[in-house]
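Trainee: With the hints as extra help, turn the sequences into a complete structure.
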Amino acid sequence: MTIKLTAVSLAGAAALALSAGTAFAEFPERNIENIFPWGPGSAMAATQIISEAMGEELDTNISVVSTPGGAGVKAFETALRKPADGYTIIDGWVAPLVLQPQVGNADWSHDDFIPLWSATSVPFALVTRKDEDRWTDFPSFIQYMKDNPGELRYSSGSIGNIPHMVLAKVMQANGVYARNIPYPQDGDAFKDLRGGLLDFSFNNPTTYDANSDAFQALAVLSDREDIRPLFDDAPLVNSFGADMGLSGLAPGGWHWYLVKEGTPDDVVETLRTAMKAALDRPEVQEKLISIGFFPTMYSPDQYDEIVGTVGEQLQSAQDAIAWEAEKNAGN
Numbered sequence: 001m002t003i004k005l006t007a008v009s010l011a012g013a014a015a016l017a018l019s020a021g022t023a024f025a026e027f028p029e030r031n032i033e034n035i036f037p038w039g040p041g042s043a044m045a046a047t048q049i050i051s052e053a054m055g056e057e058l059d060t061n062i063s064v065v066s067t068p069g070g071a072g073v074k075a076f077e078t079a080l081r082k083p084a085d086g087y088t089i090i091d092g093w094v095a096p097l098v099l100q101p102q103v104g105n106a107d108w109s110h111d112d113f114i115p116l117w118s119a120t121s122v123p124f125a126l127v128t129r130k131d132e133d134r135w136t137d138f139p140s141f142i143q144y145m146k147d148n149p150g151e152l153r154y155s156s157g158s159i160g161n162i163p164h165m166v167l168a169k170v171m172q173a174n175g176v177y178a179r180n181i182p183y184p185q186d187g188d189a190f191k192d193l194r195g196g197l198l199d200f201s202f203n204n205p206t207t208y209d210a211n212s213d214a215f216q217a218l219a220v221l222s223d224r225e226d227i228r229p230l231f232d233d234a235p236l237v238n239s240f241g242a243d244m245g246l247s248g249l250a251p252g253g254w255h256w257y258l259v260k261e262g263t264p265d266d267v268v269e270t271l272r273t274a275m276k277a278a279l280d281r282p283e284v285q286e287k288l289i290s291i292g293f294f295p296t297m298y299s300p301d302q303y304d305e306i307v308g309t310v311g312e313q314l315q316s317a318q319d320a321i322a323w324e325a326e327k328n329a330g331n
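Each residue of the sequence shown is one higher than the last, beginning at 1 in our numbering.
Treat the hints as calculated values from the structure; they're not laboratory data.
For clarity, every value in this text was computed on a predicted model and none was experimentally measured.
Treat the hints with care, since some could be wrong.
[Unchecked claim] Lysine to aspartate or glutamate pairs mimicking DMTMM-like chemistry, simulated, CA-CA at most 25 Å apart:
1. LYS146 x ASP192
2. LYS276 x ASP226
3. LYS130 x ASP232
4. LYS130 x ASP213
Mentor: See below:
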């Protein structure tokens, strides 16, 4: 009888120790996934740079899982099906986070998520060919469009994306319009711009550098002076007197790392601390900037203010796309 009780007691003690170990285990105990909304490319490379550094801070591996589809919606839906335990990070790019809910393609809003830190932003410029002889700079480009309404063809890649919104807003602010030609791949559009089938387009720093032999930037679509050197010191678009009504993060691509609502507070703080430490590393910043992605370093406390303001501005940019469509329909 004594032996039996002892055995039961030992079993109970072992069970208690096991449950206590589980309750007080430190996060993370296993690898973390970062659900990324696009296919392979420079944006994924930027996320891999940050995730690798975060993993080193946490002494674990953070794998970047490419989940393209539905302009980023598929990635968010995939992440939202995961437990709210911190082992799934959502790479919250502006399109699925803000834009797709605005156009009715997603049923969430930015305040349905818990922010870690902002990650990076990607600026754009309006570019034409270097051998273009119909204009020499942004003012003469706008004047040509005024003299020849609706004649020019451009591409923002796809219809209704962030570059489309920004370019449409710039044109509306200057009282001109052009016809946007969609392409399945941005590279195809840039090839046709080189070949003269398009008159202008957008570039980010990476694509501008890759096409530096053929393209010139007429205007940087940002309000940040430090962006200009990436586009051969082209002037800021707002410097010509017509305010495009987009500021801060709104005129470019950007992303913010997020986790699901309900993630434990201590887990959130652990992830925030690791991300901040990763972004503070000089080598991480240098790697990101070298591929055209700029660490934004907005804190979690700034999330609602920053992202909410961008949402309001992008709504006005969507109105500019509708204005552009009306102008082209009447031409």
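Trainee: Take the hints in turn and mark each one as holding or not.
Mentor: These are the hints, each one checked on the structure:
With a C-alpha separation of about 24 Å, the suggested pair LYS146 and ASP192 falls inside the 25 Å cut-off, and the hint holds. Restraint check for LYS276 and ASP226: the C-alpha separation of about 22 Å stays at or below 25 Å, so the hint holds. At roughly 12 Å between alpha-carbon atoms, LYS130 and ASP232 fall within 25 Å of each other, so this suggested pair holds. Between LYS130 and ASP213 the alpha-carbon distance is near 8 Å, which keeps this suggested pair within the 25 Å criterion.
Of the hints listed earlier, there is not a single one the structure fails to meet.
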